[in-house]
Structure formats: C-alpha cells, structure tokens
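These are the residues of each chain, in order.
Number of protein chains: 4
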Amino acid sequence: MSDVKKVVLAYSGGLDTSVIVKWLQETYNCEVVTFTADIGQGEEVEPARAKAQALGVKEIYIEDLREEFVRDYVYPMFRANTIYEGEYLLGTSIARPLIAKRLIEIANETGADAISHGATGKGNDQVRFELGAYALKPGVKVIAPWREWDLNSREKLMAYCDEHSIPVDFSSKKKKSPYSMDANLLHISYEGGILEDPWAEAEEDMWRWSVSPEAAPDQPTYIELTYEKGDIVAIDGQAMKPHEVLEALNKLGGANGIGRLDIVENRYVGMKSRGCYETPGGTIMLKAHRAIESLTLDREAAHLKDELMPKYAKVIYNGYWWSPERKMLQAAIDATQDNVSGVVRIKLYKGSATVVGRQSAESLFDESIATFEDDAGAYDQKDAEGFIKLNALRLRIAAGKGRKQD
Amino acid sequence: MSDVKKVVLAYSGGLDTSVIVKWLQETYNCEVVTFTADIGQGEEVEPARAKAQALGVKEIYIEDLREEFVRDYVYPMFRANTIYEGEYLLGTSIARPLIAKRLIEIANETGADAISHGATGKGNDQVRFELGAYALKPGVKVIAPWREWDLNSREKLMAYCDEHSIPVDFSSKKKKSPYSMDANLLHISYEGGILEDPWAEAEEDMWRWSVSPEAAPDQPTYIELTYEKGDIVAIDGQAMKPHEVLEALNKLGGANGIGRLDIVENRYVGMKSRGCYETPGGTIMLKAHRAIESLTLDREAAHLKDELMPKYAKVIYNGYWWSPERKMLQAAIDATQDNVSGVVRIKLYKGSATVVGRQSAESLFDESIATFEDDAGAYDQKDAEGFIKLNALRLRIAAGKGRKQD
Amino acid sequence: MSDVKKVVLAYSGGLDTSVIVKWLQETYNCEVVTFTADIGQGEEVEPARAKAQALGVKEIYIEDLREEFVRDYVYPMFRANTIYEGEYLLGTSIARPLIAKRLIEIANETGADAISHGATGKGNDQVRFELGAYALKPGVKVIAPWREWDLNSREKLMAYCDEHSIPVDFSSKKKKSPYSMDANLLHISYEGGILEDPWAEAEEDMWRWSVSPEAAPDQPTYIELTYEKGDIVAIDGQAMKPHEVLEALNKLGGANGIGRLDIVENRYVGMKSRGCYETPGGTIMLKAHRAIESLTLDREAAHLKDELMPKYAKVIYNGYWWSPERKMLQAAIDATQDNVSGVVRIKLYKGSATVVGRQSAESLFDESIATFEDDAGAYDQKDAEGFIKLNALRLRIAAGKGRKQD
Amino acid sequence: MSDVKKVVLAYSGGLDTSVIVKWLQETYNCEVVTFTADIGQGEEVEPARAKAQALGVKEIYIEDLREEFVRDYVYPMFRANTIYEGEYLLGTSIARPLIAKRLIEIANETGADAISHGATGKGNDQVRFELGAYALKPGVKVIAPWREWDLNSREKLMAYCDEHSIPVDFSSKKKKSPYSMDANLLHISYEGGILEDPWAEAEEDMWRWSVSPEAAPDQPTYIELTYEKGDIVAIDGQAMKPHEVLEALNKLGGANGIGRLDIVENRYVGMKSRGCYETPGGTIMLKAHRAIESLTLDREAAHLKDELMPKYAKVIYNGYWWSPERKMLQAAIDATQDNVSGVVRIKLYKGSATVVGRQSAESLFDESIATFEDDAGAYDQKDAEGFIKLNALRLRIAAGKGRKQD
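Protein chains in written order, with full-length UniProt numbering: chain A, 1 to 406; chain B, 1 to 406; chain C, 1 to 406; chain D, 1 to 406.
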C-alpha cells in the first residue's frame with residue numbers, strides 16, 4: 001500500500017468521505033486531493049472547502065458542473081428515450097461518468113497516481129466510477145475504502161471519528177435519514193431502511209423533491225417545450241440553457257407531484273435492490289421527447305431507436321459511458337435528431353404529465369394523406385391490396401404447403 | 001367478380017357494414033354470411049341478428065368471444081410488456097387476429113370462398129384482417145369494399161341506403177360522433193375530427209370510458225393483483241377469469257381517470273396518424289406485470305425480453321399475429337414466465353397507477369445480500385474488485401494503446 | 001398514360017431495354033432519355049450510344065461509375081461485414097441505389113418527370129430502383145414495363161422487335177444464356193434455367209468469373225491487404241483506389257476458384273428463389289475485414305456490429321439504402337472504424353481464402369497479457385474469482401431459491 | 001481452507017491435473033474424486049483410472065459422454081447456426097456445460113462440497129466451469145488451483161512432481177506440444193507457442209485432425225445429409241446417432257482439408273487471444289443447416305434467428321449455458337425447427353464444403369411462383385406496385401418535406 005503518492009477523492013463534504021480523507025492519509029500515507037462538484041444535488045458545495053482544509057487537504061477542487069452535466073450527459077441520454085428495465089430514468093448512473101472524468105483530469109493536473117470514492121462494494125456506483133477511471137487513465141490506481149476497511153457500521157465510523165478528531169457535526173441532516181440517498185439535477189434516490197422490504201410502501205415524508213399527487217394543485221398546469229435537434233431549448237417560449245431547463249422542469253414537475261418512482265431493479269453486480277426515485281423534470285422530458293419524435297422522426301429510425309434503447313440504457317446503467325459501444329450507439333442516435341424540432345404541449349396534473357399537443361415545421365404528419373375525409377387522391381387505397389398481397393405471400397405459400405400458424 | 005359464391009363478413013350491425021352486406025350481394029351476386037362478435041366493445045351484439053335478417057342474410061353468427069379474447073390474445077401480449085412506439089398498448093391490433101381466425105373458421109364451416117371487412121384502405125386493420133386470413137386459408141378471396149367502391153363520403157353512403165332501402169336508423173349514436181372509434185375489452189380508440197390537427201387537445205367529452213383525472217375521487221384506491229405464471233388470476237384476493245379481470249380493472253381504472261393516451265403513431269401503410277386511446281385496465285396491467293417481473297424474473301431474461309419487445313410489438317401492430325415470427329417470439333417470452341407469480345399492490349389516483357409494493361414466494365430479491373446493514377458475509381465486497389478489473393480490461397488495454405473514449 | 005413527358009431509362013443496350021425504349025415512346029408518347037453506366041459488369045457501355053441513337057433517343061448518358069460504386073457503396077457496406085441470410089454478399093443489391101440516384105439526378109437535369117427500368121415484377125430490383133427513386137424525388141413517376149405490358153415471353157418480345165424494326169442482333173451473347181444474369185464489379189449472378197430446381201447442381205460452364213477449384217493452380221497464392229479505417233487501400237503494398245482493389249481481388253480470387261456461391265434466398269416480395277453468385281473479390285474482402293477488426297476493434301463494438309449486421313443487410317437487400325435507418329446504421333458502423341487499420345495476410349487456394357496472419361499499429365492484442373508464459377504481473381489471475389463470483393450471483397440466488405436451469 | 005471435505009476434480013489423466021490431485025489433497029487436506037469423460041477428445045480415458053488410483057483416489061468416475069454431448073449440446077447449438085465473432089464454431093465452449101453438470105451431479109452423489117478444474121485464470125474455461133457449477137449447485141465451493149498456487153511454470157510443476165513422487169511419464173505426447181490444446185468431438189484447438197504472434201502463420205505440423213487442402217484428394221467427395229427437425233439423422237441415407245454423424249463428418253471433412261480456422265478472438269475476461277481450430281464436421285454442419293433452412297424456414301423466422309444468433313453465441317461463449325437467457329433463446333430457436341427437414345447435398349474438396357443441392361418435402365420454394373417463365377397467374381406482378389408504393393410512402397412524405405437522404 002506504500003506505492004500511492006497522491007490520490008484524488010470524490011469528496012462530498014459529508015461524514016463518510018471525511019473519514020475517507022483521514023483513512024487514506026493514514027493507510028496509504030499519501031496526499032489527498034479533494035474534488036467536490038455541484039451537479040445539482042441541492043446542497044452547498046463551498047462548505048466542503050473548510051472541511052477539507054481542516055483535514056489537512058492542500059489541493060481542493062470545488063466546481064459547478066451543472067451546465068456540463070445536463071448538456072453533455074443528460075441531454076444526449078434523453079435523445080434515446082432511455083429507460084432501464086422499463087422504469088428507471090438512470091438519474092444516478094448518468095452523473096458518474098462526469099465525476100470519473102473530472103477525477104482523472106484532476107489526477108493528471110495534480111500528478112496524482114490514484115483516485116478514490118465513497119461508493120460501497122455492493123452497488124453500481126463503484127463500477128461506474130472505476131470503469132470510467134480505467135477507460136480514461138488505464139494505469140490509475142483505484143482505492144475503494146468500503147471494499148478495504150472494516151469500518152462497516154455506523155458505530156465503527158463514529159469511533160474512528162472520535163479517535164481521529166473528525167468533527168461529528170459533519171454528520172449532516174442527510175446522514176440522519178434512515179435512507180441512503182443520492183441527488184443531482186436529474187433526480188434524488190432513496191434506498192435502504194424500510195425500503196428493503198419490497199412490499200412496504202414508502203413513507204410520505206421520505207420524498208423530498210415533490211409534493212404528493214394528493215397535495216398538488218387542483219388545477220392543471222400547461223407548459224410548452226421547444227425542441228431543437230432533439231434537445232429542449234425553451235420553456236413556454238423562453239430560451240434556456242440545458243441545466244436551466246432541467247431546474248425549471250424539476251420545479252414544475254415537483255410542484256405537481258410528478259416523477260415519483262418505486263421499483264425493484266437489477267444491479268450490475270448481480271443482486272436485485274429496491275429503490276425509490278424522484279425525477280420530476282426527467283419524467284416530463286421523456287414524455288415530451290417521444291412526442292416531438294412522434295411527429296418528426298421517420299418510422300423505421302424510431303423503431304430502430306426503440307430496439308437499441310435497452311442496450312444503450314444497459315451500457316449507461318452498467319457504467320460503460322466511456323466505451324466504444326456507447327460512442328457507437330450515440331452516433332446512431334444522434335444521426336436521427338437533425339429534424340427533431342418543434343413544440344410539445346404538456347399538461348401537468350397531480351402526478352401525471354400528459355402530452356396534449358405537438359407541432360413542428362419538420363412534421364412528417366401529412367393531414368392530406370391521413371385524413372378520414374376525401375384526400376383528393378393523395379393516397380391510392382388500391383395500393384394497399386398489392387402491399388398486403390406481397391406481405392402475405394410467404395404466409396400463403398407456407399399455409400398452402402400445410403403449415404399451421406394457429 | 002363473378003367467381004365469389006359466398007362471403008363471410010365481419011358485421012358490426014352498424015350502418016357501414018350493413019351497406020357492405022347489400023353491396024356484396026349486388027356487386028358479387030353472392031351469398032353473405034355475417035359474423036358479429038362481442039369482444040367487449042360495450043354494445044349489444046344480439047340486435048345485429050335482426051338487422052342481418054332484414055338484409056336477407058341466412059347464415060348469421062353472433063358470438064361472445066370475450067373470454068377467448070383476453071385469455072389467448074391480451075394475456076399473452078401483456079406477458080411481453082408490449083408497447084408500440086413507447087406509448088401504445090395495441091388495443092385495436094390485438095383484437096384483429098381473433099376476428100380473422102373466426103372469419104376463416106366460419107368460411108370453412110359454411111363453405112364460403114371469401115371474407116370481407118369494413119376497414120378502410122388507409123389503415124392498419126385491413127392489413128391485420130387480411131394477413132390473418134391469408135395465413136390461415138391461403139386460397140381465400142378477400143373483399144375490401146372501401147378499397148373498391150366509390151361510396152367514399154357520407155352523402156354517397158346515405159344515397160346508397162335510400163336506393164336500397166337500408167334503414168338509416170341503423171345509424172347509431174356512435175356513428176354520429178365526429179370521431180372514428182373502435183372498442184373492445186382492452187380499449188376504445190378515437191381518430192379523425194379535430195384530432196387530425198396534432199396540436200389540438202382532445203375535447204373532454206370525447207372520452208367515454210374514463211372520468212377525467214380532475215373528476216376522479218380525491219382519495220386513492222389501493223388494489224392487489226395476484227399473478228400466476230405471468231397472468232393475473234385474482235384482484236384483491238378474489239379469483240377471476242381473464243376477461244373478468246380486465247373488466248374489473250377497466251372499471252377501477254376508468255373511475256380513477258387512468259389510461260388516457262394521446263399520440264401520433266406510425267401506421268404500417270406508411271403514414272403518421274393521430275389517435276387517442278383509453279386503456280384503463282391495460283395501463284394498470286402493464287405497470288403491475290413489470291413490477292411482478294422485477295421481483296421474480298432473472299436480470300438477463302428481463303433484459304432480453306426488453307430487447308425483443310419492440311419487435312414483438314411491431315409484429316402485432318403490423319398484423320403478423322399468425323406468423324412464424326410471432327410464434328417464435330411467444331415461445332421465448334412464455335419460457336420466462338414460469339416463476340412470475342406473486343402479488344402487486346397498486347395505488348390508483350387521479351390518472352396515475354403507481355406500484356407501491358410487491359411480494360412473491362418466487363422472489364429473487366435477497367434482503368440478506370441487498371441490505372445496507374451488515375450482511376454477515378452473504379456477499380463478499382472484495383469480489384467487486386476483480387469483477388471491475390476484468391470488465392475494465394479491454395478498456396484499459398485500449399486506453400493504454402492511446403485510444404480516446406472522450 | 002398521357003401525362004408523362006420525358007422518362008429516364010436505365011438502359012443496358014441489350015434487347016429487353018431496347019424494346020422498352022420503343023415501348024415507352026409508343027405507349028406514353030414521351031421522350032426517352034437513356035442512361036447506361038459502367039459499374040464493372042464487364043461489357044462495353046459505349047456501344048449503347050449507337051443503339052440508343054438508332055432508337056431515336058436524343059439525350060444519351062453513358063458514364064463510368066466504377067470508382068464511385070466501390071468507394072461510396074461497396075466499401076461502406078463491407079465495413080459492416082455484411083451478409084444476407086448467412087451467405088449472400090449483396091452484389092446486386094448494392095449497385096441499385098447508385099443507379100437510382102443517377103436516374104433521378106439525370107431526370108432533374110433533363111427535366112424528365114419519370115424514370116423507367118427493365119426489372120421484372122417478381123424480383124427485388126424493381127423495389128430497390130423505385131424505393132430509391134421515390135426517396136430522392138418523391139413526385140417522380142415510375143414506369144415498370146414488365147409489370148404493365150403483355151410481352152411476357154421471348155416470342156412476344158421478338159414479334160414486337162419485328163413489328164418495330166428493332167435489330168435482333170441486339171440480342172447479345174449474354175441473352176442467349178439459359179440464365180438470367182446480372183453483373184457489376186462486386187459480383188455476377190445467375191438465376192433461372194435449371195437453377196429453378198434447387199436440387200440440381202449448377203453446370204460448370206455456367207460460371208464466368210472464376211475457374212473451378214479443381215482447375216485452380218496447385219500452388220497457393222499469398223496476398224497482403226492493407227487497411228486504413230476499415231477500407232483496403234493497398235494490395236501487397238501497392239496503393240490502389242477502391243475500384244482498382246476490387247478489380248485486382250476479383251482477378252486473384254477468380255483465378256483461385258474463390259467466391260462461388262449457390263443458395264436459396266428469401267426475396268423481399270415474399271418468395272424464395274435460387275441463385276448462384278460469383279463474388280471473388282468480395283469473398284476475400286469479407287474474410288480480411290473480419291481479420292483486421294479481430295485485432296483492432298473493441299469486443300463490445302464488434303459484438304454490437306454483429307447484432308446490427310443482419311438488420312443492415314436486410315435494409316440493403318430490401319432496397320432501403322436511401323433511408324433514415326440506413327443512415328443511422330451507417331453512422332454506428334462508421335463510428336467504429338477509426339482504428340481498423342493494418343495488414344492482413346491471406347492464402348488463396350483452390351476455392352478457399354484463409355487468413356494466416358494480421359498485424360496493426362492499432363492492435364489491441366496484448367501479448368504480455370495473453371501469453372501462456374509468465375506475464376510478469378500484467379494480469380492478476382485472482383481478479384477472475386471476483387469476476388466469476390459476481391457474474392454468477394444472480395444464478396446462485398435463483399438456484400438457492402430452487403430454480404432449475406437444466 | 002480447512003472447510004473442504006471432498007472435492008470432485010475434472011481429471012484428464014495428464015500431468016497438470018495429476019498434480020492438482022496431489023495439491024488438493026495436501027492443501028485442503030480433503031478427499032479427491034476424479035471425473036474423466038470421453039467427449040471425443042481422441043484419447044483413451046480408461047488409463048486415467050490407474051493414474052488416479054496411484055494418487056490415492058478412491059472414487060473414480062470414467063464415462064463415455066459422446067452421445068449426450070452431441071445430442072444435447074452440439075445439436076441444439078447448430079440449430080441456431082451459431083458462430084462467435086463471425087468465425088468461431090464454439091468447439092471448446094459447448095463442451096464445458098456438460099462437464100460442469102456432471103461435476104455437480106457427482107458432487108451430489110458422493111457428498112462432495114467442492115469441485116475443481118485445471119483451467120487457468122486467464123481463460124474462458126474457468127468461467128464456463130464455474131458459472132455452470134454455481135448455477136446448478138449455488139453453495140458449491142470452487143477450487144481453481146491455477147488461480148491459487150504458485151506452480152506457474154513448467155519447472156515448478158516438475159519440481160512438485162519430484163517432491164511428491166508423481167510419475168513424470170504422465171507427461172503425454174500432447175504435453176510436449178508447444179501448443180496448449182483442447183479437443184472434443186466438435187473440434188481441437190491450439191493456442192500459445194508461435195501463435196502468440198498473430199502475424200505468424202501456423203506451422204503445417206501443428207494441425208492434427210485434417211490434412212492440408214494441398215494434401216487432400218484431387219477429386220471431390222459428394223455427400224448427402226438428411227435432416228429431421230433441424231438435426232442431421234443420416235449421411236448418404238444411412239441413419240446414425242448424433243455423435244456418429246459428427247464422427248463421420250469429422251473424418252470426411254478432415255480427409256478433405258476442411259475446417260481449419262485461424263483467428264484472433266475476444267475472451268470474456270477482457271483480452272484478445274489468438275487460436276487455431278480444426279472443426280471439420282462442424283464446418284460442414286453449419287453450411288448444411290443453413291442450406292436446409294434456406295428451403296424450409298420462413299423468411300422472418302430466419303431473419304429473427306440471424307439477429308438473435310450473436311447473442312446466443314455470446315451466451316454460450318461466455319459460459320451461460322445453464323441460464324434463463326439460454327433457455328429463452330433455445331425456446332425461440334427450437335420453435336422454428338419443426339419443418340427443417342430434408343436432404344442437403346454437399347461437395348467436399350480441398351478445404352471447401354460447398355452446398356450444391358437441397359430438397360425437402362417441407363420446401364417453401366414454390367417453382368410455379370419463382371419461375372422466370374410464364375407462371376400462369378400464380379403471382380400477380382401488379383401487386384408489386386402497391387407494395388412498393390406503400391413501402392415508399394414514408395420516404396416520399398419525408399422527401400416531400402425537404403428531407404435529404406443522400
């Protein structure tokens with residue numbers, strides 16, 4: 001363990017990662033660089049500076065990555081209508097590659113030979129951090145304290161703090177929650193506590209970002225989202241940057257009880273786990289993106305996107321953002337978004353985001369063809385006969401040879 | 001046109017198909033057999049008998065197919081968590097293969113050499129009817145009046161009725177609607193009228209099966225659905241047949257404003273069309289089936305199902321139920337459902353169906369492994385290091401050779 | 001039929017398309033523009049000029065498209081290791097989009113409102129020509145004489161020639177063959193004649209581009225192919241343009257009895273057909289491209305390419321080159337080829353092309369890791385335990401709950 | 001290490017696994033049960049008995065599994081036309097699940113709590129053995145000596161033999177080969193030695209199962225393979241059991257220089273490796289199975305099989321035979337084989353297996369439709385117009401709105 005000289009730690013400023021600072025210094029006898037990012041988790045990041053300094057850290061990185069996070073990670077992911085296992089909008093997964101990238105960039109800047117993080121050995125996040133790190137700096141040393149140390153209970157952690165004079169008021173409100181939580185601009189997640197019983201309903205006071213549908217306004221809210229090439233660029237006609245869009249949609253969605261999710265999911269490490277998520281803005285974005293695509297995207301491109309999406313979601317969930325396969329899938333997805341522009345109108349009401357209208361200068365909806373009224377010859381119904389006949393030909397030949405399909 | 005002797009017509013008893021009876025008799029100088037089925041469309045089918053008799057039909061088939069419809073078509077489809085283009089639950093599509101099958105069986109029983117239907121030449125239903133018919137009886141003659149005749153306006157149809165003494169009180173309430181509608185136990189659909197403008201919001205009084213979320217009760221309703229091998233067998237502990245389950249869920253969902261959908265979809269014949277759908281029970285079933293699978297289904301089987309689902313949805317949407325590829329996909333899907341048993345608890349409230357609990361004797365959720373607490377050695381966190389290292393190996397080698405992933 | 005003013009015809013100079021020139025002039029009373037392209041079919045194209053002139057054609061296009069054909073169509077297709085139905089290298093399919101594009105461009109240049117071709121109504125080529133034409137010029141009129149006229153036998157065609165003074169010496173050597181043939185730089189195909197019995201072996205004298213394996217040299221020929229970004233740029237170190245590469249490989253392959261294929265394939269129009277193909281150069285290219293990728297391409301990108309390939313092949317076979325889905329797939333494929341560079345060594349011998357060596361500056365083969373000898377710690381075998389343990393976890397949990405996998 | 005009481009070892013009788021017997025006895029102080037199977041590797045298995053006895057083993061299992069191997073593993077795999085990475089016929093991969101299953105069954109019979117094998121920590125085989133073992137007996141202990149001990153060179157192994165009086169004449173001819181080899185009825189593989197340089201051509205005297213194409217007979221051999229439901233049941237009309245078929249085809253193929261392969265492949269553990277393979281019978285079987293399917297299998301089922309195949313190959317290559325996803329894929333594949341019956345005629349000549357004819361009572365090839373001659377109305381060419389028109393509709397609409405496809 002003597003060969004690590006300097007390690008960059010993903011540092012939240014909370015109790016656990018503060019203990020890690022000390023533990024790294026002691027165990028590896030190395031210098032620790034802390035990296036704290038604002039990715040929209042809703043807590044101040046600046047206080048992490050004083051805490052790190054108090055722990056003897058000399059190189060302290062504190063950064064606001066919200067714009068980059070939404071622009072370069074969240075937005076590209078939503079172009080694919082990405083959902084993991086039919087339900088999960090990948091709120092935690094999508095933040096990890098950015099953290100991994102910055103950890104490595106800071107390691108390169110500071111001459112560090114290792115990175116470290118506070119994720120446990122049971123979860124997906126360790127995988128996402130480390131795959132990213134290895135992909136970007138193959139020789140990096142990764143230190144995952146939770147897989148190494150024996151501080152595997154709250155009592156032992158506290159005892160360690162006592163021994164090492166780590167102020168326990170570090171312990172934030174968040175840490176007193178019975179749940180393990182993670183938040184960024186896309187979502188907040190809850191695991192553990194009573195959620196470990198998949199039959200138990202989450203308690204109302206667990207949820208932090210949204211009111212309950214019952215407590216939401218009795219009148220619906222209508223919004224209009226403007227898309228350009230697959231990305232939202234304005235809300236109700238007001239131009240916004242990507243992270244401003246997501247912040248605004250989070251407020252709108254949260255106020256209307258939208259985006260709560262309670263699922264059992266399959267982790268990459270092989271176990272099932274139960275999690276609750278609030279993704280107010282993301283829930284609206286998924287609906288809206290499908291709607292603008294429904295009007296502007298070619299059928300076969302749309303279907304191919306749907307077939308590729310589960311793969312793409314799995315790639316991100318499993319932590320392979322920085323991989324050739326993600327690049328390849330992204331190229332396919334992005335190649336379809338040139339005309340995905342227009343406006344989607346959505347009704348928000350007590351837990352539901354419902355599309356009620358969509359329009360686009362790039363619309364492929366051709367009213368003159370689709371109409372139930374007289375179409376003045378735009379579509380020749382007789383063509384359908386040949387279309388059906390030839391599509392049926394293989395089935396007819398098979399049936400003629402005695403094959404049974406029922 | 002002289003070579004058709006007897007034709008079996010999918011007869012609703014409404015104005016259009018009554019005109020078709022007469023038109024077939026005149027145009028093809030052939031005998032017409034009518035087939036009217038109750039598949040849960042919510043209208044009496046027995047009155048079709050007198051109407052058919054009045055039109056001179058001698059062989060009249062009127063059947064209650066609700067149980068068969070849900071058991072053999074809707075249920076198998078929901079095992080796959082089937083959605084077309086991310087939104088549509090295939091309510092119309094899934095009813096067509098059953099109609100096609102009965103048309104052909106009746107043709108075989110009555111010695112008919114042709115079948116006929118009232119679907120237009122612009123839609124998907126003609127394809128679904130005819131592909132099914134050809135697959136089951138390759139030599140059958142198909143007559144699609146809407147592709148042949150020139151009665152392409154309401155006025156011409158009315159004039160035809162006058163000329164041929166077809167009582168215009170045939171014209172039901174449904175026909176006076178500005179919308180083209182179709183209904184069965186799974187859903188009711190609306191097309192045409194103001195919906196031909198994709199920006200226009202559907203009027204509240206269009207919807208027939210559900211109250212608006214705003215008008216739904218202010219208190220949530222909780223229900224428990226019991227699954228056996230992928231299918232719902234009981235609601236709140238009360239055993240029911242498949243069609244009874246769907247009827248009950250339609251009522252529960254409809255009363256809580258659940259299952260409304262407003263989309264632009266891509267038809268198989270090549271155009272986009274806008275449709276509104278109410279699928280109250282199906283919307284609940286989809287959520288619940290995913291939830292019971294989340295607890296009982298293996299991860300890789302679940303992911304493979306997700307990758308196959310868009311294909312399976314397309315096969316059904318396009319009308320290939322009676323095909324080798326549907327059989328093949330169904331075999332794969334059904335091979336995964338043996339252990340998909342247990343209970344799902346759902347909250348219904350003002351437009352949303354939310355899963356709040358799930359339990360199963362077949363659960364693969366292992367609390368002793370998943371726990372955030374001490375797991376007494378059930379899972380060795382150190383295994384994660386090797387797991388990550390080998391999964392990263394190809395990325396590290398590539399990065400070591402200078403490949404860039406960002 | 002009176003509304004066509006000018007039609008661009010894909011004109012081979014042979015009997016059939018000469019009849020079409022006359023038939024178009026007569027039937028549509030329109031001007032005919034002929035377009036004859038050298039795409040490597042091995043026949044002179046210049047003679048088509050005099051023939052067209054003799055038929056009264058004023059606008060005559062004769063072009064050498066060999067370079068464009070291989071560079072922009074064949075090469076991109078081979079980047080995907082494309083094979084249709086496990087065997088067919090798509091030699092005919094890949095030439096059609098280029099012809100379609102030029103037909104439309106010439107229509108635009110000459111002010112023509114229609115295009116025409118000599119493909120039959122039973123085959124794939126009509127679909128490929130027409131889908132391309134419609135995709136590039138949606139309002140174009142397409143005239144497919146074989147679907148319209150009644151000259152459906154050799155006798156009637158000859159009688160038509162007599163009546164219209166079309167010189168029957170037009171009838172080339174090719175036309176006297178009992179087979180329907182098509183050729184371009186990628187392949188030559190044979191259909192019809194005794195091949196209509198799938199049990200009958202093709203006669204040796206049918207094959208035109210290759211010697212039989214039995215007649216090939218008794219000594220193997222070794223060649224080295226140099227790849228840059230997925231494309232062959234040199235043979236045995238000699239730089240060549242794409243079409244020169246293919247010409248050279250055709251000679252090398254043909255001389256060694258390589259590239260004969262005898263299959264039954266599924267046409268897009270719904271029937272099975274039997275075809276024989278000679279693709280000497282393409283057969284070598286497929287082998288070689290896989291080999292250079294095996295050394296330089298990431299595993300997951302390679303596997304994703306393999307999963308997408310059948311779709312891509314189908315898109316091309318069915319005639320959707322000019323489509324959003326082909327564009328999308330091509331973007332994914334091309335995104336993987338940046339490092340597919342190096343040299344492949346191949347042994348050609350009596351019908352077989354065998355890869356015997358491959359090397360690359362971009363190689364991801366890491367001998368220090370892969371070696372069976374001592375690897376000096378490059379790979380820690382203990383990592384495998386954790387890798388296997390976590391990959392097995394879901395299976396162990398399932399087995400622990402009593403699930404049977406055998 | 002004290003907790004293992006009895007371990008079942010996959011024992012070849014060779015030097016390495018003999019050392020493992022002794023090492024297990026010493027290191028774990030446990031009883032060793034040996035299991036030696038004849039899966040067609042071409043070496044006597046009975047001699048393993050005396051060797052095991054000499055090492056003090058009391059429970060010795062020696063079994064002929066050839067029939068089971070081909071019938072239950074090789075044949076099902078070939079129904080899918082399985083190839084890994086476009087080239088590899090999975091000869092090693094497919095034998096592992098059977099060995100894993102027998103190891104576990106013997107562990108259950110003998111009351112053993114562990115299994116062991118002689119595969120290294122760098123390869124795929126450890127994964128395949130262990131995933132199978134865990135899937136079938138989740139609590140089993142797995143001992144992989146090569147990942148644990150320090151006998152990582154030939155010298156150390158020899159020294160160990162000396163110390164423990166293990167007769168070094170154990171060292172068979174095979175062991176003196178410069179290559180690491182593995183054989184069973186489906187193939188023999190070679191790795192290591194000069195093959196670790198991917199540019200180096202394999203030496204002629206490496207190959208053991210086939211003559212070189214140059215040394216093969218100057219006259220072709222024709223054979224006829226009879227299929228029933230996707231499996232070969234007779235050669236040249238003579239009924240045979242599955243393993244007899246494969247043995248016979250290995251001889252026929254080997255004598256004609258067929259089935260040599262030289263590739264770089266991607267291992268599941270993350271590295272590329274170079275391997276040479278001889279798969280004479282399998283190479284013929286793949287060609288033949290595709291040929292019989294080409295005549296008897298529906299197009300869409302065939303295409304779906306092609307899309308699923310790479311996944312299925314990966315599942316087997318990676319060691320997940322005993323998994324829900326393999327079961328699911330097998331169900332899909334097997335659901336297509338009911339009519340895959342008939343006869344395929346193949347020409348074997350100097351390295352090539354070429355299909356020259358195929359026939360079947362279940363043929364879907366309809367000569368009356370496919371013919372270039374007059375088809376007497378079996379196919380209406382005019383149907384093609386509507387077919388093309390509607391397939392082109394989405395492309396025309398898009399082009400009409402100004403979308404560019406080129």
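Hints were generated in silico from the structure; no laboratory data involved.
Incorrect hints may have been included.
In this list, chains with the same sequence are indistinguishable; a pair is considered to hold if it fits within one copy or across any two.
[As the list claims (entries may be wrong)] Pairs of lysine to any residue, SDA-like flavour, derived with a Cα cap of 25 Å:
(1) 404 x 335
(2) 251 x 209
(3) 314 x 286
(4) 401 x 3
(5) 251 x 220
(6) 347 x 194
(7) 156 x 241
(8) 6 x 402
(9) 311 x 267
(10) 404 x 341
(11) 141 x 209
(12) 6 x 98
(13) 287 x 303
(14) 5 x 223
(15) 6 x 331
(16) 287 x 226
(17) 156 x 143
(18) 314 x 303
(19) 347 x 215
(20) 22 x 382
(21) 347 x 224
(22) 5 x 16
(23) 327 x 72
(24) 287 x 212
(25) 314 x 265
(26) 401 x 374
(27) 58 x 197
(28) 141 x 28
(29) 229 x 29
(30) 327 x 340
Hint-by-hint comparison with the structure:
1. 404 x 335: between (42 Å within a copy, 13 Å between copies)
2. 251 x 209: within (8 Å within a copy, 32 Å between copies)
3. 314 x 286: Answer is both: 17 Å inside a copy and 21 Å across each meet the 25 Å cutoff.
4. 401 x 3: between (74 Å within a copy, 24 Å between copies)
5. 251 x 220: both (14 Å within a copy, 24 Å between copies)
6. 347 x 194: between (33 Å within a copy, 18 Å between copies)
7. 156 x 241: Cα proximity of residue 156 and residue 241: none, with 45 Å in one copy and 56 Å across.
8. 6 x 402: Only across copies: residue 6 and residue 402 sit 23 Å apart there, 74 Å inside one copy, limit 25 Å.
9. 311 x 267: both (15 Å within a copy, 20 Å between copies)
10. 404 x 341: between (47 Å within a copy, 16 Å between copies)
11. 141 x 209: Intra 37 Å, inter 46 Å, cutoff 25 Å: neither.
12. 6 x 98: The answer is within: 21 Å in one copy meets 25 Å, while 49 Å across copies does not.
13. 287 x 303: So residue 287 and residue 303 pass the 25 Å test inside a copy (16 Å) and across (22 Å) alike.
14. 5 x 223: neither (53 Å within a copy, 52 Å between copies)
15. 6 x 331: Neither: 37 Å inside a chain and 41 Å across chains, both beyond 25 Å.
16. 287 x 226: Intra 13 Å, inter 30 Å, cutoff 25 Å: intra-copy only.
17. 156 x 143: Classified as within: same-chain Cα gap 20 Å, cross-chain 34 Å, threshold 25 Å.
18. 314 x 303: both (18 Å within a copy, 9 Å between copies)
19. 347 x 215: both (17 Å within a copy, 15 Å between copies)
20. 22 x 382: This pair counts as between: shortest inter-copy Cα distance 21 Å, intra-copy 78 Å.
21. 347 x 224: Within one copy only: 9 Å inside, 29 Å across.
22. 5 x 16: within (22 Å within a copy, 42 Å between copies)
23. 327 x 72: For residue 327 and residue 72, the Cα distance is within 25 Å both inside one copy (13 Å) and across copies (23 Å).
24. 287 x 212: both (20 Å within a copy, 19 Å between copies)
25. 314 x 265: Close inside one copy (12 Å) and across copies (24 Å); limit 25 Å.
26. 401 x 374: For residue 401 and residue 374, only the inter-copy Cα distance (22 Å) is at most 25 Å; the intra-copy one is 42 Å.
27. 58 x 197: Result: close neither inside a copy nor across copies, 44 Å intra and 48 Å inter.
28. 141 x 28: within (12 Å within a copy, 34 Å between copies)
29. 229 x 29: Classified as neither: same-chain Cα gap 51 Å, cross-chain 47 Å, threshold 25 Å.
30. 327 x 340: both (20 Å within a copy, 16 Å between copies)
Violated hints for the displayed structure, listed by number in ascending order: 7, 11, 14, 15, 27, 29.
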